[in-house]
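Participant: In case you want the letters, here they are:
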Amino acid sequence: MSKMMSSSVIDQTSSLSISSQNILSNGTIVDFSVGSMPANYGYDESFSKEDDEEDSNEESSQFKPRILIMGLRKSGKTSIKNVVFHKMEPNETLLLDPTTKTNLEDISCCSFITFQVYDCSGQIDLFNDPTCDYIALLKGCGSLIFVIDAQDEDQYTDAISCLTQTIFKGYNINRGIKFEVFIHKVDGFPDEKKMDIYNEIQQRANEMLIQQDATESLIQKIYLNYHLTSIYDHSIFEAFSKVVHKLIPQHRQLERLLDFLCNSCGLERAFLFDVASKIFIASDCISPLDTQLYELCCDKIDLVLDISNIYAPKDVEGISADDSSYTCVKLNNELYLYMKQVDKFLAFVCVIRDEIFVENRGIMDYNLTLFKDSIKDILSAQKTVSQDQSVNNQNNTNSSEPDTSNMANSILGNF
Amino acid sequence: MRKKVLLMGKSGSGKTSMRSIIFANYIARDTKRLGATIDVEQSYVRFLGNLVLNLWDCGGQEAFMEHYFTAQRDNIFRNVEVLIYVFDVESREFEKDIHYYQSCLESITQQSPHAKIFVLIHKMDLIREDQREAIFKAKEEELKNYSRPLDCHCFQSSIWDETLYKAWSQIVHKLILNAPQLEKNLHDFAEAIEADEILLFEKTTFLVVSHCLKKEHSDLQRFEKISNIIKQFKLSCSKCDTSFQSVEIKNGNYTIIIDLFTPNTYIMVIISDPRITPALTNYNIKYAQKHFENLETSQEQRT
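Sequences listed follow chains A and B, in order. The first sequence begins at 0 in numbering that gives the first Met the number 0 and counts up one residue at a time. The second sequence begins at 0 in numbering that gives the first Met the number 0 and counts up one residue at a time.
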């Protein structure tokens, strides 16, 4: 599995400055047959024993890509994690204490993917800290998000040098890591200034990477992407969505499903949302992502969730997913926002024109039940695949994958 | 029908911020940009069609305050329907605040003895959650004592949560002329369509102007929460250059419909009987619209 993965990584010609827009229109970089992270370095069970935080062993048969959030202190890492995954209000993040210890969290809200988010403390230098096993951390990492505080101009140089150091170390340990840079706290700036900062940071990072790179080909090989984000608007959700897309192997399949649905039902736009975090798992590819529509859909989900919380009977959590439930918001520009729950965590939200909605409602509902079934099939297929893999792994505890040889052997030897 | 509403309080207590959020579609964050109010800012807000609130936002800096009680006294305190006095809960000069408050009360007693008095203990978000109730009760006691013989209603509020809507809903409710009649009509409507609960919101501010309850609900703060939720959604829609007309939420436990009702109100109907389809409820709402519209216009004609 890892051999396949490493070969496809080297084949990718991912240039340094792919903007996030390009990613979506180019189609995905990751092929379906290859996960963004090898399914099993043998770390799911054994690593969690090393790391005594809340990892759950029973779920080790599932795919668990890891996302590391790193950056200098006070750059906004814990705030991002709390706003995206714990529904914290942005203004409450001002009251958060600085993170002293690296936190691991299992985000199991989404059906497709249980990923672990590592919120690294900015105060500890991860690579020099003896208590922190950064090699193991990075080996299992699918995406590394580096957060740079855009408002703190004096720290740009420090941040960028930390970023380059992280990239080098990361790439050496795990060739498959996708590096995402969040240029954060841009809410205060006008649009032109945002683009200026974006270009400046990108340029300086490139320069430093090329400077320090002995082989001079690193830049072609690593996957590095920049995003402008802020917790005060939807940009952080959008950026996080894009990061998560690359970690979901079935992403392309889901996009195709949504495309079919859009074409057959005449939808303007369709999204598959993770309800708890408002990250969209997939959207149709018919037109480039319209941020406004995405924001509207996010707000609509908020509206529905909040009202449901007030009126739901005590024992019922969240929104019910049966076939007859739906939510519909009519806007005054002849658009409807229609939402149906696909399962406990996922919601399908679409934007559709007035006339089409009224005419084709029945057909659309029927197509949506088929859509729900397809998603369930994809989910169960994934479970069978990862279960098979874990069974294989347990049988071959002594087989060592090339990159992980020493580490894997020494840990597995404890059984 | 014009009603004069005085908004007074120390400088920086939050009067203009509150007014901007409720009446001018500001979000809480935007209020940081507001500067000190100079002298009195008057604004006219149309409410429920027939009511016009003449809002006097009086700048709270000392120089202005002194002026209000002397040279401008007649002008400011005459014909007042409602006095809203705002206290900043974190203020360190409570004695001074009380002094100004009492001067206001004096002037009111002389010029507009029938005015209703509301006191808002504002910026409660700065107090830790477990201490809020206690601190509010203590302040309420004190203020009721200071206000004697006049009667005052106290509310806690903060622009960062729904308590702001609760306070202002109550204030505005007292100004609506035909409140009892509206409630009775809503009650009849609820009976007819077998709804659990019906809420009537004013269109621009989304303050609850009337409600009717058939089935008890445990969450007593739900009115202001809903006002807040819908207002936030309305603001997000306006950021995208659109606005919402109606919301329909249906699942196995309840059906909720929020729809444009009369030219000045939105209605929210909650039905928990699964046999009643949303289409039926929508039809009923459209049918009842005419009746309530007539109520409104007859109210307007009367005034």
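These are computed hints drawn from the structure, not numbers from a lab. Hints may contain errors.
To be verified - No farther apart than 20 Å at their CA atoms in a straight line, the calculated lysine to any residue pairs in the SDA-like style are these: (1) B:K31 / A:E294; (2) B:K214 / B:S242; (3) B:K115 / B:S242; (4) B:K233 / A:R255; (5) A:K329 / B:S242; (6) B:K214 / A:N308; (7) A:K329 / B:Q41; (8) B:K249 / A:I309; (9) A:K329 / B:Y282.
Participant: Next, verify each hint and record whether it holds.
Facilitator: Against the structure, the hints:
no. : hint            : verdict
1   : B:K31 / A:E294  : violated, 23 Å
2   : B:K214 / B:S242 : violated, 31 Å
3   : B:K115 / B:S242 : violated, 35 Å
4   : B:K233 / A:R255 : violated, 33 Å
5   : A:K329 / B:S242 : holds, 9 Å
6   : B:K214 / A:N308 : holds, 17 Å
7   : A:K329 / B:Q41  : violated, 36 Å
8   : B:K249 / A:I309 : holds, 14 Å
9   : A:K329 / B:Y282 : holds, 16 Å
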